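If you read the protein sequences in the order shown, they are chains A and B.
The first sequence stops at residue 600 when you use the numbering used here, and every number in between is there.
The second sequence stops at residue 146 when you use the numbering used here, and every number in between is there.
FYI, nobody ran anything at the bench for these hints, they're computed from the structure.
Worth double-checking, as some hints may not be accurate.
To be verified - Some chain A residues near chain B, calculated using beta-carbon distances under 8 angstroms: (1) Lys-117; (2) Arg-140; (3) Ala-144; (4) Gly-147; (5) Gly-269; (6) Phe-272.
As the structure is a computational prediction, the values presented were derived from the model and not from experiment.
Glycine included, every Cβ here is placed at the ideal spot set by N, Cα and C.
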Amino acid sequence: MADYKIHLLVCGGTGCKSSESQILAEHLRSSIESQGLSDFAQVIGTGCFGFCEKGPIVKIIPDNTFYTQVKPEDAKEIVEEHIVKGRKVSRLLYKDPKSDKIVSDSKGMEFYKKQVRIALRNCGVIDPENIEEYIARDGYASLGKVLTTLTPEATIEIIKKSGLRGRGGAGFPTGLKWEITRQSPGKEKYVVCNADEGDPGAFMDRSILEGDPHSVIEAMAINGYCTGASNGLVYIRAEYPLAIERLKKAIEQAREYGLLGERILGTDFSFDINLRYGAGAFVCGEETALIHSMEGGRGEPTMKPPFPSVKGYLGKPTNVNNVETFASIPVIINKGYEWYSSIGTEKSKGTKVFALAGKVNNVGLIEVPMGITLREVIFEIGGGIKNGKKFKGVQIGGPSGGCLTYKHLDVPIDYESLIAAGAMMGSGGMIIMDEDDCMVDVAKYFLDFTVDESCGKCTPCRVGNKRMHELLNNITKGNGTKDDIDRLINLGNVIKDTSLCMLGQSAPNPVLSIIENFREEYEAHIQDKKCPSGVCKALMVYEIVPENCVGCTACARACPVGAITGERKEVHRIDPALCIKCGACMDRCKFNAVIVN
Amino acid sequence: MTKIKNLADLRELKDKLQSKTKLRDKSESPDQLVQIKVAMATCCIASGSRETMNYIVDELDKRNIDAVVTQTGCMGYCYAEPTVEVIVPGKEPIVFGYVDAKRADEIIEKYIKGGMLVEGIIPVNYKKIDQ
Chain A
4 MADYKIHLLV
14 CGGTGCKSSE
24 SQILAEHLRS
34 SIESQGLSDF
44 AQVIGTGCFG
54 FCEKGPIVKI
64 IPDNTFYTQV
74 KPEDAKEIVE
84 EHIVKGRKVS
94 RLLYKDPKSD
104 KIVSDSKGME
114 FYKKQVRIAL
124 RNCGVIDPEN
134 IEEYIARDGY
144 ASLGKVLTTL
154 TPEATIEIIK
164 KSGLRGRGGA
174 GFPTGLKWEI
184 TRQSPGKEKY
194 VVCNADEGDP
204 GAFMDRSILE
214 GDPHSVIEAM
224 AINGYCTGAS
234 NGLVYIRAEY
244 PLAIERLKKA
254 IEQAREYGLL
264 GERILGTDFS
274 FDINLRYGAG
284 AFVCGEETAL
294 IHSMEGGRGE
304 PTMKPPFPSV
314 KGYLGKPTNV
324 NNVETFASIP
334 VIINKGYEWY
344 SSIGTEKSKG
354 TKVFALAGKV
364 NNVGLIEVPM
374 GITLREVIFE
384 IGGGIKNGKK
394 FKGVQIGGPS
404 GGCLTYKHLD
414 VPIDYESLIA
424 AGAMMGSGGM
434 IIMDEDDCMV
444 DVAKYFLDFT
454 VDESCGKCTP
464 CRVGNKRMHE
474 LLNNITKGNG
484 TKDDIDRLIN
494 LGNVIKDTSL
504 CMLGQSAPNP
514 VLSIIENFRE
524 EYEAHIQDKK
534 CPSGVCKALM
544 VYEIVPENCV
554 GCTACARACP
564 VGAITGERKE
574 VHRIDPALCI
584 KCGACMDRCK
594 FNAVIVN
Chain B
16 MTKIKNLADL
26 RELKDKLQSK
36 TKLRDKSESP
46 DQLVQIKVAM
56 ATCCIASGSR
66 ETMNYIVDEL
76 DKRNIDAVVT
86 QTGCMGYCYA
96 EPTVEVIVPG
106 KEPIVFGYVD
116 AKRADEIIEK
126 YIKGGMLVEG
136 IIPVNYKKID
146 Q
């Protein structure tokens with residue numbers, strides 16, 4: 004049978020799937036069938052396109068038309084207009100928010116212009132549930148090349164020269180880790196893929212596993228060959244059902260095709276992969292805790308050394324790498340380390356995937372070359388701040404990272420520069436905040452998360468973070484004292500120095516970096532008892548400006564607790580003792596008479 | 016499915032499968048490739064443009080020419096259906112009329128491969144607003 008002339012790529016990532024993209028794909032298929040075009044056009048469910056802000060996405064190949072926010076009802080129109088008659092359905096095309104122009108081709112979109120998709124190369128391009136599509140795009144060619152033409156040492160040398168560093172956050176040189184595992188004595192070794200992604204708002208690893216599971220499988224096998232392991236384990240959280248399902252299917256297919264199992268590609272190398280499920284504890288992303296959890300023990304970290312590369316799963320040498328690190332491996336081997344190391348900065352090579360979230364126009368998944376500036380990411384790819392508000396800060400590296408501000412906008416994104424600026428690469432969460440966000444509240448939010456997720460094993464993390472949280476709570480309630488800022492800094496530094504694992508060692512980072520960059524906001528809360536952004540409820544007082552009030556009674560009717568009194572056509576007033584600060588009166592007032600102090 | 020037993024098997028399978036996803040790679044860089052637009056409004060389809068398009072896609076593939084074939088709406092030359100616009104990189108777009116399999120063959124062989132003009136050219140009598 005001849006190949007299809009038109010491909011309709013429908014995003015099947017978790018985000019788009021929950022917006023009914025699966026039903027949409029079904030509708031597209033049935034519309035194509037009823038038009039008698041089943042041999043002409045093909046519908047393919049792919050992984051994430053990254054442009055989650057406007058999902059579900061449908062991309063038509065070969066003319067590269069990019070439809071956004073497509074509903075199942077739109078399927079018929081797309082098929083009848085675009086596929087049958089070749090006319091684009093303009094109401095579903097992407098409209099650039101800045102120029103207000105319609106952009107039909109995804110290559111013309113600001114969102115994609117500066118991206119370099121390496122780890123995400125197949126996401127949104129192939130059907131993740133079909134191994135043949137992966138093979139068609141050079142899949143398993145790297146494994147073949149390594150097994151038949153390269154020694155483990157030579158392969159490790161390629162990875163070392165590529166400059167690839169761990170994408171889980173710490174940035175340890177990947178090639179070096181492989182070499183240490185290889186040199187660790189032991190007959191039995193393990194390869195572990197860390198898919199325990201826990202940062203709030205981060206979904207890079209999930210998207211890779213959902214959109215291109217074979218790239219991770221292939222890389223794990225390559226790693227097994229290099230380190231001398233014949234068993235691979237993927238530690239994945241049970242909260243990622245779709246990623247688990249696709250990964251299982253992919254492993255099954257790889258076994259069927261002989262790309263996993265005994266004597267792969269006719270060589271002496273045997274390798275297989277199994278899954279281990281996590282219950283979703285943040286600390287289990289730490290490699291020693293992860294290994295204990297896999298062994299059936301408590302997910303608690305232990306002191307390093309010994310590093311897992313020497314003594315890991317079941318006491319055997321274990322190579323733990325993150326999903327994104329693995330996903331980059333096959334391309335590096337295929338295209339050569341020279342190519343990979345030509346991308347990025349001197350010490351940080353290649354690309355990094357970020358999950359853009361928060362108050363930015365284009366929320367989604369992006370992959371950018373190292374060295375790109377925050378400004379480019381937020382204002383070009385991200386399309387700037389929502390509703391034309393002012394940019395205030397960006398939290399990089401999740402709850403372990405730091406908060407950077409407008410003065411850091413031109414900092415290049417690489418491991419060293421981010422640390423120098425007071426944040427860290429982390430696994431790739433990037434949360435953008437605008438003028439409406441209270442930074443003290445943001446600090447409290449992240450600390451809230453780490454307090455919850457602390458395993459409780461060591462005192463600085465268990466008790467120290469709790470105390471810091473109490474101090475912040477007091478400040479947001481208007482009970483802060485002048486010494487509180489110094490107390491926070493002191494305590495934070497002690498926790499950083501004395502905690503057992505990275506969770507504790509990095510937990511105070513958001514608080515400390517926010518003090519560093521937004522000290523005046525803390526002071527406003529403490530000295531003036533005011534929240535400049537109007538977020539901390541305890542510090543807000545709703546009032547009615549008598550000059551503006553016309554006595555329409557709209558606010559009084561909206562108030563759920565009856566705190567507003569006043570006769571018709573007379574000035575109303577709010578009883579601060581009853582007011583619950585819900586803001587309903589302010590939303591309802593048409594005369595700007597309700598203000599917050 | 017029989018197992019892939021060695022690297023040669025894997026490469027063979029890849030070559031066999033490649034055409035299935037090639038379309039997606041090509042659409043990433045259409046500027047460097049020959050672009051062919053086939054008019055596909057109701058009247059064009061009635062005049063056989065779908066057959067023309069299928070023929071062009073299959074033949075380009077057989078003759079190993081890298082091209083992106085897309086469909087487009089009515090070009091306005093309804094008297095000369097099926098109409099096909101061909102853009103060879105670095106050259107002005109040219110619209111051909113009455114493109115049946117025979118003429119399509121001529122276009123591929125003589126114009127795209129050889130750079131010679133063939134019969135059936137419709138002089139462009141309009142300007143596009145985005146150019």
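Hint check results:
{"no.": "1", "hint": "Lys-117", "verdict": "violated (16 angstroms)"}
{"no.": "2", "hint": "Arg-140", "verdict": "holds (6 angstroms)"}
{"no.": "3", "hint": "Ala-144", "verdict": "holds (7 angstroms)"}
{"no.": "4", "hint": "Gly-147", "verdict": "holds (4 angstroms)"}
{"no.": "5", "hint": "Gly-269", "verdict": "holds (4 angstroms)"}
{"no.": "6", "hint": "Phe-272", "verdict": "violated (12 angstroms)"}
When each numbered hint is compared with the structure, violations occur for hints 1 and 6.
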